[in-house]
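Trainee: Use these hints to put chain A onto chain Z, whose structure you have.
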Amino acid sequence: MTRIHFSAVAVAAVLASSPALAQTEIQWWHAMGGTLGQVVNALADGFNKSQSEYKVTPVYKGSYTDTLTAAIAAFRAKQPPHIVQVFEVGTANMMAAKGAVYPVYQLMADAKEPFDPKAYIGPVYGYYSTPDGKLLSMPFNSSTPVLYRNKELMKKAGLDPEKPPTTWPELGEMAKKAVAAGAKCGFTPQWQGWTMIENFGAWHNLPYATKENGFGGIDIELKFNSPAHVKHIQTLGEWSKDKTFVYGGRDGKSNAMFAGGECAFTIGSSANSATNDKALGKENVGISMMPYWPDVIAKPQNSIIGGATLWVLKGKPTAEYTGVAKFLSYLAGPAVQAKWHQETGYVPITLAAAEITEKAGFYKTNPGRDVAVKELTLNPPTVNSKGLRIGNFVQIRDVVDEELEGVWSGKKDAKTALDDAVKRGNELVKRFEAANK
Amino acid sequence: MEKRVTFNERFLPYLLVAPQIIITLVFFFWPSGQAIWQSVLLEDAFGGNSKFVWFDNFSHLLADPAYFASVRLTFVFSALVAAIGLAFSLLLAVMADRVIRGATAYKALLVWPYAVAPAVAGVLWGFLFNPSVGIVAWLLGGIGIEFNYVISGNQALLLVVMAAVWNHVSYNFLFFLAGLQSIPRSLIEAAAIDGAGPGRRFWDIVFPLLSPTGFFLLVINILYAFFGTFGVIDALTKGGPGQATNILVYKVYNDGFRGQDLGGSSAQSVILMLIVIALTFVQFRFIERRVHY
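Protein chains in written order, with the working numbering: chain Z, 1 to 437; chain A, 1 to 293.
One or more of the hints may lead you astray.
Claimed, not checked - DSS-like, lysine-lysine: derived pairs with alpha carbons at most 25 Å apart:
#: 1; chain 1: Z; residue 1: LYS112; chain 2: Z; residue 2: LYS326
#: 2; chain 1: Z; residue 1: LYS316; chain 2: Z; residue 2: LYS78
#: 3; chain 1: A; residue 1: LYS51; chain 2: Z; residue 2: LYS314
#: 4; chain 1: Z; residue 1: LYS415; chain 2: Z; residue 2: LYS223
#: 5; chain 1: A; residue 1: LYS107; chain 2: Z; residue 2: LYS430
#: 6; chain 1: Z; residue 1: LYS78; chain 2: Z; residue 2: LYS326
#: 7; chain 1: A; residue 1: LYS238; chain 2: Z; residue 2: LYS411
#: 8; chain 1: A; residue 1: LYS51; chain 2: Z; residue 2: LYS437
#: 9; chain 1: Z; residue 1: LYS243; chain 2: Z; residue 2: LYS176
#: 10; chain 1: A; residue 1: LYS51; chain 2: Z; residue 2: LYS78
#: 11; chain 1: A; residue 1: LYS51; chain 2: Z; residue 2: LYS98
#: 12; chain 1: A; residue 1: LYS238; chain 2: Z; residue 2: LYS423
#: 13; chain 1: A; residue 1: LYS238; chain 2: Z; residue 2: LYS253
Hints are computed from structural coordinates only; laboratory data are not their basis.
Next comes chain Z alone, as it looks inside the complex (with noise of 0.2 Å):
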């Protein structure tokens, strides 16, 4: 019984397995699970169905680290996917891996596909293009951090809701104020590498490195520890001596405090929003711009994004990149993206997307979902702003979160954290650079 019921499933699993087209089969691998991982399902889908030559297989491969590492290890062994997803600062990384990846622009003349620079969001392409403009993988998922507020703690404080702090003192203050009204905390950051540091920059046009943000050489010397990041992370040390400010762990992990209705103000990813509007519920919470200090700036820069893109990889039949060109034309189209935008939280990579979104009505029953990309076309981005080209860029993350976490817990001041971050990530820095000489 039990042998029969086995060869029963090995020939029905032969069968599934041998394509009923001679199609030729493109490996996609991806780090989103759960529901995003569906949506991708679905993109995928809907790139078989329009045409029948090639037939795009996702496969999540778990976190982006894993990602990477799996698809590291396959083109080692000479079995590499066709397309990988990596996350944003791996990007120095995979440029420096000359003969690994095969660079958007040139697939996509190679392949003869249509592809227009300009049809992109200028913060979302710059940061995956060489100085001159040409694109080197794909953006896929990205993001922006943006201030998410709690309505319901600010109104317990007494304030207007509808009124979001616009400057850091104003956030202070009312932070203060939910604190004092019995919030367990005021203000928490996510990721705080990418938005205390990265993003503070940005937006208030400071260099993070040297050479145009490392876009210009990989020769660079680390710079986030001017005046106004030492004063920032300064302040927000201060103010966690009455939970003003409260760290809440590296990574996305302090969402569940946001989420948990705990902060009255958290600055996170803009992919953040429908988890946020899921545990609080859409009416509670509100977005806007992050914040900035008006003694450094008169008016924000622009913010840069987070997230991933499609790198391509090179080991397979030449023909076989046909396929992958028009499947990554296809990612780029407006209805898709304006769909992967509106159900994920992600930026749109196109403004034709934005536009398709903003005529559907979507802003005006979601609220703030335009935010993200409004803080990114803020200004026309600047050499501080259009992105960040760093070696051992996570390595250097995760420096930069030992450092804060010294100021955080009291152990150092800021000044010391910062410069001693810088040190540590120019070490890195140069260590990348004797590998890529």
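Mentor: Frame of chain Z, contents of chain A only:
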């Protein structure tokens, strides 16, 4: 007359040990060799720009104060995990050994934590002590102790040690219990007749006779603290806050897999391998002498 089994075949013995030898070669010597080779290379993760750099990776490590901090931390952490783990499980074993009614139930409960994977144990303890939703953290807050392992390095270390000990206590317990039960009752009874109290009987008879078990467990626990606690740390603290729980094995993973610095990570593995070999050697050379078999 003594009975002897002899094999006339010349190759059969080799054939019989071959599977073990092959497994050791493939799963231990080959990766170790690879690590040693990688440790003298500087390359990007995809293997494109590979350069032979002699001992640059090592000198880089030895110039890094954070690395020494991690070495020190690892020793403190291992000492804590081994000492607390052994003491606690010995206590449990001695008590379980005395239980007359419901002994099986007690034993089953005490063995339970071993069925929990380290990563799951980490998540579990993380939930209990989570500063915003953790029930234990809430209770501690009620008696005026602010427990926040996300910010406080010492509390994070304490929590990781507790989780690691808890996860391994069953293993130690089983061995201690077996050791206790193999001690001849007659010895203890004889001592009792001679007037030795329970404390005396434990320290003069039971403890020395348990020493082979204890020694074995010491070696195993040190190895566990060095390598096996990875899952607990990854799930609980990821090496933070600061570098408060960044023990060597976690640093190897972090630099190698997150940072894609294969050369530096391999150099760390090689050093870690040397440390563990040295530790095990010291244990066998000096502590084993005091063990009564």
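Trainee: None of the hints should be skipped; say for each whether it holds.
Mentor: Comparing the hints with the structure gives:
| no. | hint | in the structure |
| --- | --- | --- |
| 1 | Z/LYS112 <-> Z/LYS326 | holds, 10 Å |
| 2 | Z/LYS316 <-> Z/LYS78 | holds, 9 Å |
| 3 | A/LYS51 <-> Z/LYS314 | holds, 22 Å |
| 4 | Z/LYS415 <-> Z/LYS223 | holds, 13 Å |
| 5 | A/LYS107 <-> Z/LYS430 | violated, 56 Å |
| 6 | Z/LYS78 <-> Z/LYS326 | holds, 24 Å |
| 7 | A/LYS238 <-> Z/LYS411 | holds, 20 Å |
| 8 | A/LYS51 <-> Z/LYS437 | holds, 10 Å |
| 9 | Z/LYS243 <-> Z/LYS176 | holds, 8 Å |
| 10 | A/LYS51 <-> Z/LYS78 | holds, 20 Å |
| 11 | A/LYS51 <-> Z/LYS98 | holds, 15 Å |
| 12 | A/LYS238 <-> Z/LYS423 | holds, 22 Å |
| 13 | A/LYS238 <-> Z/LYS253 | holds, 12 Å |
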